[in-house]
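Participant: So the chains spell out like this:
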Amino acid sequence: MAQPLLEARRLTKRFGHVRALQDADFTAYPGEVVALVGDNGAGKSSLVKTLSGTIRPDGGQILVDGSPVELHSPLDARRHGIETVYQDLALAPDLDAAANLHLGRELYRGGLLGRLGVLDHAAMRRSAVTAFAELGVDLQDVGAPVATLSGGQRQSVAVARAVAFANRIIFMDEPTAALGVVQRGRVLDTVRRVRDRGICVVLISHNMPEVLSVADRVEVLRLGRRVARFTAADTTVEELVGAMTGALDAESAGGAAGSAGQAAADAPRKDGAP
Amino acid sequence: MTAQAPAPVKDRQETARRPPVPSWLRRVAAANETWTFGVLALLVAFFTAARPSTFLTRYDITQIATNAAIYLVLGVGMTYVIIVAGIDLSVGSVLVLSAVLSAEYTIHHGGAGSGWGTIAVSTLIALATGLLWGALQGWLVAKAKVPPLIVTLGGFGAALGAAQIITGGQDPAGAVSGKLQKTIGFGKLFGQIPWLVVIAFAATLVFGLVLAFTRFGRYTYAIGSNPEAARRVGINVDAHLVKVYALVGLLSGLGSVMWLAYFGTTSIAGHSTDNLKVITAVVLGGASLFGGRGSVLGTVIGVFIPAVLSTGLIIMGVQQYWQDVAIGVVLVAAVYLDQFRRRGRDHG
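Chains as they are written, first to last, in the numbering used here: chain F, 1 to 274; chain R, 1001 to 1348.
Just chain F, same shape as in the assembly (with noise of 0.2 Å):
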């Protein structure tokens, strides 16, 4: 497989005494949906806090496109390419959902006016309308305050956000958690479509079926460590459990189902190889 846009090697975190993260791996290539499961405390929310700048690593190492890197903000990885949707959205419900899009990255007007620090409010609702537009989301108003918004517009603006502003990886920290199902079939749709402009998407879930519904592949965390990678073409949600349980142990013992290719192409990994 070509070389990995994101790489993580064996990145530790404690809280306390709390070890979130042990030598976690995870990978990540130009153009695939790749799924992050794993049971509650398995360190997903930890590796992507890490991956997305938000929380510092004890250890390891993060590569993009293969050359290492230091993340220390949310701005750094965003200079990266790296965008995150937060599990709470992380949206302004005062400001609407022009200002929301553009939060941190306002457009100014010209001249003087430009350099007092006057936005220009038309050219961002322009260029919101266009970003709801591509990603297919039918916002009537993106000048009403996004506390009007139903969850699943709401879900749909801060997507469009990350989109908006992503050239490499979308990190989104379970999409789909709080929507009905034809909004969950929504934003799954705009997951495939981001991956369809050649972003990656990382998508924690814990929605299995979803999982295999929506990603190509599939990596997953116990006890703050990689255990086994999947494809998900070839994969049973049984497998997937088994992974997160402990009851299969894919990445110690090898290469289980769809993953020997990748596991090959793979840094060779000290924790129990054999």
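These aren't lab readings, by the way, just hints derived from the structure by calculation.
Hints may be right or wrong, so weigh each one.
[Claimed, not checked] Per the computed footprint, the stretches of chain F lying under chain R, defined by three or more beta-carbons under 8 Å from a beta-carbon of chain R, are:
# : region
1 : 7-14
2 : 68-78
3 : 92-98
4 : 112-120
Glycine included, each C-beta is placed from N, C-alpha and C at the ideal position.
Given chain F's structure and the hints, the job is docking chain R onto it.
Facilitator: Below, chain R without anything else, positioned relative to chain F:
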């Protein structure tokens, strides 16, 4: 991706069910300013109808505007603070401290007969005192994470205490240059509009525009609405909070200059309820104490409601203490409505 077709259709059905009201009209109707302005207009209409010959003569309007000018300046700063979900109880005391420090300079540099040089320096002292005091309170809120209610309650007492230590508790004589009083205090632009009103209007306009149209304003709303989200998109939340509290301090300093120019004395004991009056005006103007909402236009309306009410009641011959009762009731009602609508909105 076969599932994507039906979904937009569903949304279009939702659209069809809504009454065909243009979105700008819906937004105007939903805006707090619309409702508060309605209340103000009703009050004016009522008093005008009740006393057509006496209410709202030109003298009245000028008097109402002059009385409101200083509260308006403080209110503009308070609007920013309340939008970032903070509060500033110290405005009146900071005004007094700024006035006292500027008066001390004037007293030692010519007193009532001093010239423009002294006026300029004493004005700068007043502005700088407010700015620094506000910035310190902002730092305590943002960096030391002390709740703004406590920080500014402490500031309220400390600033007043400091002013009393400096003056021995007495309003000093010769606190203001006579020239400042004659020009800014009682002077009128084109012989028509009091300078006090012009200054208040200018400050209101500038900071109203900043709030509505610039990045500074946008970040103010964003931080009040969801500070964590603001932080995650890279906004320097702490620095912004310091700036906001510094701004309200600066405007308190400006208020002290206006006060000195108009009244000619520091009035150390006369500002203990400024904070409540100003917060009332801002909240009447539709700002939410939970942050994220409010506007300078709303605050302007909120400042004028009590001003019109008190003038109207005096003209009607009603005991003016009824004003305090009326304002209290309206304030609680306004916050209740805000809660009610917020709840409705967050569920819808």
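Participant: Now tell me if each hint is right for this structure.
Facilitator: Here is what the structure says about each hint:
1. 7-14: violated (count 0)
2. 68-78: holds (count 4)
3. 92-98: Result for this restraint: holds, n = 4.
4. 112-120: holds (count 4)
When held up to the earlier numbered hints, the structure conflicts with hint 1 and nothing else.
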